[in-house]
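Peer 1: Residue numbers (the UniProt record's numbering), protein chains in the order written: chain A, 1 to 368; chain B, 1 to 551.
Where hints are given, some of them may not hold.
Claimed, not checked - With a Cα cut of at most 25 Å, we get these calculated DMTMM-like pairs of lysine to aspartate or glutamate:
#: 1; chain 1: B; residue 1: Lys-82; chain 2: A; residue 2: Glu-251
#: 2; chain 1: A; residue 1: Lys-131; chain 2: B; residue 2: Glu-474
#: 3; chain 1: B; residue 1: Lys-136; chain 2: A; residue 2: Glu-136
#: 4; chain 1: A; residue 1: Lys-131; chain 2: B; residue 2: Asp-205
#: 5; chain 1: B; residue 1: Lys-33; chain 2: A; residue 2: Glu-306
#: 6; chain 1: B; residue 1: Lys-33; chain 2: A; residue 2: Glu-136
#: 7; chain 1: B; residue 1: Lys-136; chain 2: A; residue 2: Asp-145
#: 8; chain 1: B; residue 1: Lys-244; chain 2: A; residue 2: Glu-136
#: 9; chain 1: A; residue 1: Lys-131; chain 2: B; residue 2: Glu-324
#: 10; chain 1: B; residue 1: Lys-244; chain 2: A; residue 2: Glu-251
#: 11; chain 1: A; residue 1: Lys-328; chain 2: B; residue 2: Glu-249
#: 12; chain 1: B; residue 1: Lys-365; chain 2: A; residue 2: Glu-250
#: 13; chain 1: B; residue 1: Lys-136; chain 2: A; residue 2: Asp-322
#: 14; chain 1: B; residue 1: Lys-80; chain 2: A; residue 2: Glu-250
#: 15; chain 1: A; residue 1: Lys-328; chain 2: A; residue 2: Asp-347
As the list claims (entries may be wrong) - Computed far set for chain B versus chain A, every beta-carbon distance over 12 Å:
#: 16; residue: Asn-147
#: 17; residue: Tyr-211
#: 18; residue: Ala-314
#: 19; residue: Ile-332
#: 20; residue: Gly-345
#: 21; residue: Met-518
Read the hints as simulated data drawn from the structure, not as lab findings. Idealized CB from N, CA, C, for every residue including glycine.
Here's the letter readout for the chains.
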Amino acid sequence: MSDNKHTAGSPEPREDGGTGRVVGTPSPAKGESLLAKDGEGAKPPAGPATELDEKSAKNAERVVAAFFVLAFAASVGFIAYYIGWSGRNGGMHGVVRARESNLWLGGTLALAMLAMAFGVTIWVRRLMTSKPIIQERHEMASPADTRAAFEADFLEGAEDSGITKRPLLRRTLLLAAAPLGLAPLVLLRDLGPLPEKRLRSTFWGEAVKKAKAEGKQGVRLVVDGTNAPLKVSDFNSPGGMITVLPEGIEEAPEAANEIAKAVTILINVPAEQFKPVKGRENWHVNGVVAYSKICTHVGCPAALYEQTTHHILCPCHQSTFDATDGAKVVFGPAHRPLPQLPLGVEDGYLIATDDFPEPIGPSFWERG
Amino acid sequence: MSDASAPKAVSGPLNFLDERLGSTNFFQRNVKKVFPDHWSFMLGEIALYSFIILLLTGTFLTLWFHPSMEEVVYNGSYTKLKGVQMSDAYSSALHISFDVRGGLLMRQIHHWAAVLFMASILAHMLRVFFTGAYRKPRELNWLIGINMFILGMLEGLFGYSLPDDLLSGTGLRITQGVTESIPLVGTYIYMFLFGGEFPTGDNGDLIPRLYSLHILLIPGVILGLVTAHMMIMWHQKHTAMPSKNQSNEQVYGYPFYPVFMAKTGAYFLFTFGVVALLGAFAQINPIWLFGPYDPGAISSGSQPDWYMGVLEGALRLMPGQGTEWVIAGHTISMNVLIPALVPLGIVFGGAMAWPFIEQWITGDKRRHDINDRPRNAPVRTSIGIAAVTFYGLLWLAGANDVLADKFHVSLFGTTWFFRFAIFIGPVIAYIITKRICLGLQRKDAAIAGHGVEAGIIVMAPDGGFSEKHEPAREEELIKILSKENARPEAPATDANGIPAPSQKGPMGHLRSRLQRAMTFDDIPVEEHGEEHGHDDDHAVGSGSGPKQLGH
Ligand code: HEM
Ligand code: FES
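Extracted from the complex, chain A is given alone in its bound form (with noise of 0.2 Å):
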């Protein structure tokens, strides 16, 4: 470090070339605070002060029980509020008393806690008399003769239980805890049915294949919310967008999973937009056409539609899919279009004349 002295006074030009300051280091002039000061060591570390005199104890103490006593004072409030204030025979009823009553009870807890905290803390720096102190850290390693010592021990214990010189004991003793071992496991098999064929249709197979055992074409769709039946009139304005569930999924037995993999959106896309999928030119009712609404990236409802663009969005993780070219994905971290479901009328009646032709909702495995 010594290569590069210069004689006093002669501060620049610097000829040794290595005077930039490196990009972030501190201005030299904060060096000032590490200037020693005549007189004055290094502090003790932050904590208790070194003994006060009798009055400014006799104060410190005064502070600290002010807030000893504050604390004590809000305990109170809180155990009065709640036994006078708070409601009596189960509660506070309704979200305008609970948010007040939240409000008192939190409050007071809080500020008794706080109150207490700030005591503790001003008798520790102000009022506790301890000094630092140093003690020795030791080596976490035992002595190598311990070690040897117990090594010895093990190996002795190891040869007395005849474990090392008995292999078919050995042996044996592991075959039989190796199947005790799977045992919780296979206690384990009931959690759940095997995925089987679970995940490859949807209610609405079903439903269209009741239907068309009574001699319809397929299975009306009706709104998500009142259950009502859609008609094509009903649905005629370009740009909107509803979701629709098959007849008859509320009386289902496991209702709730079976609506969770058959919520379709229906949407209405002006005509002359729309590009039918090759193989699908009549599975839309003029432009009305039906997706799954459940996201093929992880399964949220892709539950928004912008009607200009006429894109379907998951909020997601903003898969975005074009409804106007089979759901085809546009954006984002699905891979697969939205499955379609093919529509039809029937007595005026939108109706779904068969199963979406492929899994709905998110990629596994067995899908293929």
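Given chain A, work out where chain B with the ligands should sit, using these hints.
Peer 2: Quick look at chain B with the ligands alone, frame taken from chain A:
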């Protein structure tokens, strides 16, 4: 100070215990255990206290919460949902909020404490990382800490799934989708976790299962880890920041009893006071506004708790084009698997492996009780900041819709920005941090070598001006000189010039490469050979030793 005069109320129980357990020996060894002081040491305490608050408030909640997916018709005092069909779980969470006095407060404190728990673990982890406090002999506690954070993520996810409101259901839906993407066994895990199909399975088992995980299994494991963490810490003693009286041989600070005990008691009260304040005045997770779970519905702009934001961000950034493969009739969706596993795998896997990687590179197998100042380990510090940047960017990406909305920029634009930023950002962060570290080292080198500029300008006889330097204060000097300079001769060969075994083979070469990369630009900080206070006028950062930054 002698026990002899202890009042009967104290000596009685102590003697009772001692005669049966010999406990006084233990107490005597520990009453005055030294606790070094540094503000950053309280981050871990906050985590501990948040956990205790979670146990207390959580137990309160269990007294009324019904972990059941049974459909009921709500008939409580929240008028807007009266008569609505919902699960018993949701109905009971509403009951806790509106019809149990203090219930809303406890729910909100529970949730705020969960948020604080995770935040303080993370801050604590960063403190430990950047000061090198994880080094031998404390690697085990480092591993325990990371595992607690991971368990905390699961615990939190299961916790906010319990009330079965619309937001919880959305979280579960995503959990289901991610589970399904696991190759080979995905659908089985899905069926076995949910007991059938989403959301209620065949018997409505999901919420009860999450409940037992949330209130018993995971807290039990965390409690075990916390206990191990504290016992190991107690046994190994704290690390200390470099300062006077602190060394590998001794520790300096205030005694456990009475000082640390009182202080830490106050921290507990502060922590509880602050979460109570938040619980009182800052609304969190207002489940009554979200409504019951409905598989066809979702509220836009919904955000998970912050500690899940990274996963959310990763899922959002991954492009879906070309990332799902069908191989021999089997679907592998990389667009889900990569974001679910890779980023957190890098961050947590990397963090767990780092102490051992560093040890292997530096060959440093010594015990370290004195922490490094972050600047003195520039590569470690820069890697840390790069990781923080990576994590932070993913986290922000998890709120890109909120950002796009707040700053009026295009939604897809933010996605594209983050897609690049998560690769470029960490690199830039690494470079800048390293520069800053080296800059600070130069400054330290200058102070150690030549003292501090005193602000006094001296005119030399020849008319030139220079600034007077004075020696740094002792305390400061100790801090500065705590830096361990890189040994210029890497221990590549033994006394006879034969490569050390660890330097042989491709791994050995890699190791010495990495070692050089870690130390080549080290700036030695040492005291000047001569006495302090001479009036030289070195520029800060002037030539210092043989290995200068080559720029
Ligand atoms: C590390 C520990 C824990 C974390 C991070 C955590 C997190 C959470 C979160 C975020 C919620 C949602 C709260 C809300 O409704 O806004 C929750 C709910 C709940 N937690 Fe915990 N928790 C923890 C430990 C515990 C423990 C130990 C218990 C019980 C002994 C417990 C019992 C409950 C109960 C009963 C609920 C549902 C009540 C409700 O949401 O209204 N938790 N937890
Ligand atoms: S679930 Fe739709 S984008 Fe992720």
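Peer 1: Each hint should be assessed against the structure and marked as holding or not.
Peer 2: Here is what the structure says about each hint:
no.	hint	verdict
1	B:Lys-82 <-> A:Glu-251	23 Å, holds
2	A:Lys-131 <-> B:Glu-474	21 Å, holds
3	B:Lys-136 <-> A:Glu-136	18 Å, holds
4	A:Lys-131 <-> B:Asp-205	59 Å, violated
5	B:Lys-33 <-> A:Glu-306	66 Å, violated
6	B:Lys-33 <-> A:Glu-136	10 Å, holds
7	B:Lys-136 <-> A:Asp-145	22 Å, holds
8	B:Lys-244 <-> A:Glu-136	15 Å, holds
9	A:Lys-131 <-> B:Glu-324	66 Å, violated
10	B:Lys-244 <-> A:Glu-251	77 Å, violated
11	A:Lys-328 <-> B:Glu-249	68 Å, violated
12	B:Lys-365 <-> A:Glu-250	67 Å, violated
13	B:Lys-136 <-> A:Asp-322	57 Å, violated
14	B:Lys-80 <-> A:Glu-250	23 Å, holds
15	A:Lys-328 <-> A:Asp-347	31 Å, violated
16	Asn-147	21 Å, holds
17	Tyr-211	15 Å, holds
18	Ala-314	9 Å, violated
19	Ile-332	7 Å, violated
20	Gly-345	18 Å, holds
21	Met-518	18 Å, holds
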